[in-house]
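Enquirer: Sequence:
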Amino acid sequence: MSSPVRTPAGPSVATTVARAVRTGTVCGALALVLLVMVAGAWGPLLSLDQGVAEGLHRRAVTRPGEVRAARVLTDWVWDPWTLRALVAVAAVVLWWRRARLLAGWIAVTILVAALLQQGIKAAVGRDRPHWQDPVDSAHYAAFPSGHAMSAAVGCGLLLWLLWRASPGPAVRSAAVVAACVSVVGVSFTRVYLGVHWLSDVVAGVALGVGVVAFSIAGHTAFRARSGRGGERRGNLSPGS
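The numbering of the sequence shown is the numbering used here, which starts it at 5 and goes up by one.
Bear in mind the hints are in silico, worked out from the structure with no lab data behind them. There could be a bad hint or two in this list.
Claimed, not checked - Computed spacing ranges between beta-carbons, pair by pair:
#1 Ser141 x Gly59: 29 to 35 Å
#2 Val65 x Val97: 39 to 45 Å
#3 Thr19 x Pro138: 22 to 28 Å
#4 His134 x Ser170: 45 to 51 Å
Beta carbons are placed, not taken as given, at the ideal position from N, Cα and C, and that holds for glycine.
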């Protein structure tokens, strides 16, 4: 009688869901606290935002080279549509490989994140920083930062897909570093260019991570309850 084939051990479904829900809850709570502070015009937060913005703006107006580099990064490399395009390519590949549930789940996550972002912007209606000598411009409400939130969602989803393929430690480390640099980098450029407050980008990152965390929790729980196969890491089988 042949022995059963063993698969690499990994976190249980319950553990994965619990971790994701905890992460999403913490991030959501942080974003909610910031939203309440901004909507209530809490003095200490507004003073911090103003101080950081003024300090970076004083540097930006004297560093045209840095401003040009920041604009290239924020408008092209880390633009929301650039990141959405990368995720869309990943979703198309998943669909082509017949992992259609996962592809659709990714697409819905991107849509939910965009709707949440625009809804909060409309509800809060926070003004962007105003300068006599601006180095860049942006329109619509400031809170939360769409660039920061899109970066967190895009990088988070791509990391999740990479983790499912069970890459080696070197690939994982490089991917995490690239994701962190992208999220922190685009957040910095938005404040440095004077188009967002610090709390805008912090809330954007928190919301983005929260959306991805709850998406992972939902997908993992749904897969377990529906009894679909191909859920082991490294297996993007039909229906994944």
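Enquirer: None of the hints should be skipped; say for each whether it holds.
Expert: Status of the hints after comparison with the structure:
1. Between serine 141 and glycine 59, the C-beta spacing of about 20 Å breaks the proposed range 29 to 35 Å.
2. Checked against the given bound of 39 to 45 Å, the beta carbons of valine 65 and valine 97, roughly 44 Å apart, stay inside it.
3. At roughly 49 Å, the beta carbons of threonine 19 and proline 138 sit outside the given window of 22 to 28 Å.
4. The hinted range of 45 to 51 Å is satisfied by histidine 134 and serine 170, whose Cβ atoms lie roughly 49 Å apart.
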